[in-house]
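J.: Here is what each chain is made of, one letter per residue.
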Amino acid sequence: MRVISRIYTVLFAVFLLAPIIAIAGGSLTTTNYVTFPPKGLTLHWYLQIFQQRESIGALGLSLAVGVAAATLATILALPVGIALTRFKTRLNSVVYLVIMTPAMLPSVFLGLAFLVLYSPMGLGATPLGLLAGHVMIATPFALSLILVGLSAFDGTLENAARSLGASPSRAFLLITLPQISWSLAAGWAFAFMISFGSLEISLFLSTSTLVTLPVQIFMALEWSPLDPALTAISSGLAIITLVVLVVAARFVNLERFLKRA
Amino acid sequence: MIQAGSARARLQWLLLIAVPLLVFGVFYCAPIVNLLRLSFAIADSPTGGSYLPRFDLYTKLLGDEYFLEIVWRTVRLSVLTTLACAIFCYPVSLVVAQSRGWAQTCLFIVLLMPLMTSVTVTTYGWLILLGQAGFINAVLIGVGILDRPQRLLQNETAIVVGLMQVLSVFMVLSVAAALQSVDPNHVRAARSLGASPWSAFWRIVFPQSLPGLRTGSLLVFSLSMSAYATPGVLGGPRLKFVSFLIYQQAMQLLDWPRAASMAVLLLIVTTGMLGLASAYGQLKAWRQQRAQSAGLAMTATSQAGAA
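Listed in order, the protein sequences are those of chains A and B.
Note that the first sequence covers residues 1 to 261 in the working numbering.
Note that the second sequence covers residues 1 to 307 in the working numbering.
Hints in this document: simulated from the structure, not taken from any laboratory.
Treat the hints with caution; some may be incorrect.
[To be verified] Ranges of calculated distance between the beta carbons of each label pair, as one might list FRET restraints:
| no. | chain 1 | residue 1 | chain 2 | residue 2 | range |
| --- | --- | --- | --- | --- | --- |
| 1 | B | ILE141 | A | ILE75 | 52 to 58 Å |
| 2 | A | GLY60 | B | VAL33 | 32 to 38 Å |
| 3 | A | SER5 | B | LEU254 | 51 to 57 Å |
| 4 | B | ALA18 | A | THR71 | 18 to 24 Å |
| 5 | A | ILE75 | B | GLY144 | 57 to 63 Å |
| 6 | B | ALA133 | A | PHE50 | 48 to 54 Å |
| 7 | A | VAL67 | B | GLU69 | 27 to 33 Å |
| 8 | B | ALA18 | A | GLY40 | 35 to 41 Å |
| 9 | A | ILE4 | B | PRO237 | 39 to 45 Å |
| 10 | B | ALA285 | A | LEU174 | 38 to 44 Å |
| 11 | B | THR59 | A | THR71 | 44 to 50 Å |
For each residue, glycine too, the CB sits at the ideal point set by N, CA and C.
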């Protein structure tokens, strides 16, 4: 029974990772078309990325928007997390609902809603509009990981600092912040990954000159699906994702996802 | 924990949430309210000049056979995806709930990988695997199941498989969370009273995992209802989903009010179900609480057993 369940779990893991393995493997092929398993091994297509000015531009925009959105999301989520864990009021559930729902609503609905209102606000086809949309969908992920850190944090430590004469802000900066810094970092990383990988929101808020990497890949899938250079970029994205997840898992107890679900 | 009784505490709380709420009010809540308003606008003004509360757009949509066909496909394939996830993920949830240490961490990374990887990357991966000259065709021919390459893309199975891969994590984690809260002593008690492992599972563990199965199913269903890239790429142009139609209306035909009314219908179907389920859960919890506080703990336990 044990053996069967282990084999089944491994097969399931292979299923979950299959497309990612196919991308990573296919990007190493020496042929002019993508094939998995690859025929021969080369990093040629990864070097080729740097010759494609469009892809570099899209990658740059995605990175810039991702970093900015994740930073803003963390800055917005931290005070909310503190308010939700330190103060007990009925209004907390309203605040929680407002900040968390962007992760639950259909992203096409959100993309359209953002487009329709950001346009008359003058943010329609601007990097700022794109950034605003990304901040909205990234903040829930930052908040949920910050809440993990804050609820695991032992409040008596801060009380001790306060009773020893530290001001509230000093006690927070010197005691609480260092203790939750890893959940802040993980929250930032998750927010970054959500923004970096987001397709639908960007589809609505992008223009022909303002194209993020997922949008560029998605558009390219219609014209030249099995292009090895495209595969190399996608594989690069998958590798970044894996690194972020492994690093996050190293510092944050992912088991807490079970407590929340 | 500070009780928000004192005015000082209330002020601190307000100061903390003021800026985030303001930002979300302007960039999140306002667009949603505006879209709801636009969905009632009359179609002849492309950006919605007039906002009389009329239901023209909705009645027109609900009489549109093309639209209904796409809605039906979206609902049908979402139900199939949910069922497939429930069946195939349940055993994995059992393993996740029992795993510890680095094995559990590895499982979590594998589960979160499809969620965190951009959906364009994973659908692209399926294109490579399922193509005519792809790996799956080669394997099926090699094993002798097929004698020549078949078209594995642009059909409904491809959509369901692709959605399952992306959304499994929600089912596994929801069910595993419920399974973790099952007291192992209950299973031990049942076993010592002579229950077979099989019957201990069905009569003790499985009923207690049902809330998790419900949460997971709702999440998977609503997320596949609103899926965009997976059905778009794996299903091809013939097998459209509602999300694709909304994008097409808004960005190619520039009919924002019509797109808005479709988007609102999509929102009602997906989020409405989640809301109803959470309301039902709260109602049940409230009734249990009341029963318990009235000293009727026995009734509550038997209710929970029956549910």
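J.: Need the list of violated hint numbers for this structure, in ascending order.
T.: Hints 6, 7, 8 contradicted; others consistent.
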